[in-house]
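Asker: Chains as they are written, first to last, in our numbering: chain E, 1 to 155; chain P, 1 to 265; chain Y, 1 to 258.
Fair warning: there could be bad hints in the mix.
Unchecked claim - Pairs of lysine to aspartate or glutamate residues, derived as EDC-like cross-links and limited to a Cα-Cα distance of at most 16 angstroms, are as follows: (1) E:Lys43 - E:Glu7; (2) Y:Lys36 - E:Glu7; (3) Y:Lys36 - P:Glu108; (4) E:Lys27 - Y:Glu191; (5) E:Lys27 - Y:Glu226; (6) Y:Lys43 - E:Glu7; (7) Y:Lys36 - P:Asp100; (8) E:Lys45 - E:Asp74; (9) P:Lys29 - P:Asp57; (10) P:Lys29 - P:Asp3; (11) Y:Lys43 - P:Asp95; (12) Y:Lys36 - P:Glu114; (13) E:Lys53 - Y:Glu191; (14) E:Lys45 - E:Asp76.
Treat the hints as calculated values from the structure; they're not laboratory data.
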Amino acid sequence: MNSRKVEVLVGMFVALAAAALIMLALKVADRGISGNGETYVLKAKFDNIGGLKVRSPIKVGGVVVGRVGSISLDEDDFSPVVTLVIGKEFDKFPSTSSVSILTSGLLGEQYIGLQPGFMLEDDDILKPGQFIEDTKSALVLEDLIGQFLFSRGND
Amino acid sequence: MEDLVSVNNLTFSRGQRVIYQDISLRLAKGKTTAIMGPSGIGKTTLLKLIGGQLRPDSGDIVFKGESIPKMRRSRLFEVRRHMSMLFQSGALFTDMTVFDNVAFPLREHTRLSEELIRLLVLMKLQAVGLRGAADMLPSELSGGMARRAALARAIALDPELIMYDEPFAGQDPISMGVLVKLIKELNNALNLTSVVVTHDVTEVMSIADYVYILADKKIIGEGTPEQIRAHESPMVQQFLLGRADGPVPFHFPAQNLEQQLLERR
Amino acid sequence: MEWFARLGRSTLEISAGLGRAAYLLVGALFAKPQLKNIPLTIKQIYVVGVQSLLIIVVSGAFIGMVMALQGYTVLVDYGAEESLGPMVALSLLRELGPVVTALLFAGRAGSALTAEIGLMKATEQLSSLEMMAVDPLRRVIAPRLWAGIIAMPMLAVIFSAVGILGGQAVGVDWLGVDAGSYWSVMQASVEFEKDVGNGIIKSLVFAFIVTWIAVYKGYDSIPTSEGISKATTETVVYSSLAVLGVDFVLTALMFGTH
Numbered sequence: 001m002n003s004r005k006v007e008v009l010v011g012m013f014v015a016l017a018a019a020a021l022i023m024l025a026l027k028v029a030d031r032g033i034s035g036n037g038e039t040y041v042l043k044a045k046f047d048n049i050g051g052l053k054v055r056s057p058i059k060v061g062g063v064v065v066g067r068v069g070s071i072s073l074d075e076d077d078f079s080p081v082v083t084l085v086i087g088k089e090f091d092k093f094p095s096t097s098s099v100s101i102l103t104s105g106l107l108g109e110q111y112i113g114l115q116p117g118f119m120l121e122d123d124d125i126l127k128p129g130q131f132i133e134d135t136k137s138a139l140v141l142e143d144l145i146g147q148f149l150f151s152r153g154n155d
Numbered sequence: 001m002e003d004l005v006s007v008n009n010l011t012f013s014r015g016q017r018v019i020y021q022d023i024s025l026r027l028a029k030g031k032t033t034a035i036m037g038p039s040g041i042g043k044t045t046l047l048k049l050i051g052g053q054l055r056p057d058s059g060d061i062v063f064k065g066e067s068i069p070k071m072r073r074s075r076l077f078e079v080r081r082h083m084s085m086l087f088q089s090g091a092l093f094t095d096m097t098v099f100d101n102v103a104f105p106l107r108e109h110t111r112l113s114e115e116l117i118r119l120l121v122l123m124k125l126q127a128v129g130l131r132g133a134a135d136m137l138p139s140e141l142s143g144g145m146a147r148r149a150a151l152a153r154a155i156a157l158d159p160e161l162i163m164y165d166e167p168f169a170g171q172d173p174i175s176m177g178v179l180v181k182l183i184k185e186l187n188n189a190l191n192l193t194s195v196v197v198t199h200d201v202t203e204v205m206s207i208a209d210y211v212y213i214l215a216d217k218k219i220i221g222e223g224t225p226e227q228i229r230a231h232e233s234p235m236v237q238q239f240l241l242g243r244a245d246g247p248v249p250f251h252f253p254a255q256n257l258e259q260q261l262l263e264r265r
Numbered sequence: 001m002e003w004f005a006r007l008g009r010s011t012l013e014i015s016a017g018l019g020r021a022a023y024l025l026v027g028a029l030f031a032k033p034q035l036k037n038i039p040l041t042i043k044q045i046y047v048v049g050v051q052s053l054l055i056i057v058v059s060g061a062f063i064g065m066v067m068a069l070q071g072y073t074v075l076v077d078y079g080a081e082e083s084l085g086p087m088v089a090l091s092l093l094r095e096l097g098p099v100v101t102a103l104l105f106a107g108r109a110g111s112a113l114t115a116e117i118g119l120m121k122a123t124e125q126l127s128s129l130e131m132m133a134v135d136p137l138r139r140v141i142a143p144r145l146w147a148g149i150i151a152m153p154m155l156a157v158i159f160s161a162v163g164i165l166g167g168q169a170v171g172v173d174w175l176g177v178d179a180g181s182y183w184s185v186m187q188a189s190v191e192f193e194k195d196v197g198n199g200i201i202k203s204l205v206f207a208f209i210v211t212w213i214a215v216y217k218g219y220d221s222i223p224t225s226e227g228i229s230k231a232t233t234e235t236v237v238y239s240s241l242a243v244l245g246v247d248f249v250l251t252a253l254m255f256g257t258h
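Chain E extracted, bound-state conformation (with noise of 0.2 angstroms):
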């Protein structure tokens, strides 16, 4: 075994491992969108979080713009307040813009769904660190099926 050739092949070798390295970084964690980009914070208020989670994602429309930062109880009125961490590239919601939380399929994990408003003004835009005043609460299954049983008992 000649030098040379053991030098070429130890070569392709750490071209294997960066090849791998870079495909988990694009394709298995997706780094490439977000995670190492600029971001802002926003907050919202809920009344019930049900199984949303931090680094939950955050979508317009299916897109994915940010994720969930952190989840606290406000302390004077006990309700959950979220931190919502977005790109800096989505630094131009509407103050009407609304936030409710979703779930992907029946049993899928939960998400927040940001809903775009009208723009009234030019200016009247979301600052980083405002509070989104429209939210929706998470559906609680045990909720829906009370409100049904208790729908069929009035018919």
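Given the coordinates of chain E, work out where chains P and Y should sit on it, guided by the hints.
Answerer: Chains P and Y in isolation, oriented as in the chain E frame:
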């Protein structure tokens, strides 16, 4: 006569077992010294002590006026460039050709150009008669050839002291003759100091200038080959003539035979 | 009384062994770096890395395929088969990639390292290096140690990537999970730093442990055929146990608390 190495009152033990008890010997510069003795008494250990791979329990080993056991590791490595050792197995690097093996110490310790290294290596290989085997791997060599290749490697840096560990063990008569001739010639041509550790009496008596005989942790006889042949000690005579029984007993220490056979379990 | 004596003796023996292992590590890793060692290290990366590639790729592919098959049969009952992607990817990246690679590496490369160094000791090659004023720690041990530490994380990354592709082959191409959801749900739940990054850190730690044990066991072996075979077995056993134990600790530190 000047001494290159002197061993003074050396005691060494491995675990509980004492190997040397207060021995002293000297290797005269430019001469071939033989150290003989029955197998299993740790003759190789003595070479490792001189090379600084082992440390004595007490006593001193002086190489060119410097104490080997007291040296720092870095100094020891510098000193070792002036000594070299031919191991019993040859200890060639199995993943390199004969050429690269001989070139190894030159590449490690000198900044010579590849061209010059090639010349030197070919000369060393010529000296041991293996120039034609330069591109072979150690696994392709016979035992005698491997030992000659190792010898070429050992003299690559022109050492002052060369230690041969059982150079004749397990060799056919021709290889043995070749090795005897090589040791003698190298000693004269390169003005080396040689020390040969062996139990092959006839071969070594023909090349040694001075002989030490070790047995039972001590030196039991020393002198020129003539003095040794005429030595009055029965132990020395037993060793030289190869008698099965004598002061060095045939039987390993054991209880009385009759007693053991009749003993009931 | 005898029991205490035995406890004391084995404590002393273990401490002495750890001391020798630490001495070897310091001598090999913190030696003055030498330019001459780079080609030696590359050669060792070839021996421990490139030559382990086949077993890593084949095992990675099969483990990914089996996980997809097993995961699918469970997830499909809950109609959650689009979670197959994250299931396969997360278990590979966080656990199976680093751990199985380390175990395979111990069996394939670690045992070979031990046997090679043990044989070099038995054939007096290490002794003869010392007598040629070349430090065997620097010349023999250091390149092998570095090669292992460099090669194993690369093997683990390749293992995970191949496993995820194997999972796709079974989950998407055979069982019919939607390709888009396999990848996109995976992308939504895998984080680069937390999952890929921590997996690589784990793998680096395992590489260090396995290679260290392998070279130490070879260097410290009794230079007889029996001693070398014992050392080789010990390399595989000790490094596998160490990897599994350390994996628990690392997992607890990395993923244990939120």
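Asker: Hint by hint, say whether it matches the structure.
Answerer: Quick rundown of the hints versus the structure:
no. : hint               : verdict
1   : E:Lys43 - E:Glu7   : violated, 55 angstroms
2   : Y:Lys36 - E:Glu7   : holds, 15 angstroms
3   : Y:Lys36 - P:Glu108 : holds, 9 angstroms
4   : E:Lys27 - Y:Glu191 : holds, 11 angstroms
5   : E:Lys27 - Y:Glu226 : violated, 49 angstroms
6   : Y:Lys43 - E:Glu7   : holds, 8 angstroms
7   : Y:Lys36 - P:Asp100 : holds, 15 angstroms
8   : E:Lys45 - E:Asp74  : holds, 8 angstroms
9   : P:Lys29 - P:Asp57  : violated, 26 angstroms
10  : P:Lys29 - P:Asp3   : holds, 5 angstroms
11  : Y:Lys43 - P:Asp95  : holds, 12 angstroms
12  : Y:Lys36 - P:Glu114 : holds, 15 angstroms
13  : E:Lys53 - Y:Glu191 : holds, 14 angstroms
14  : E:Lys45 - E:Asp76  : holds, 12 angstroms
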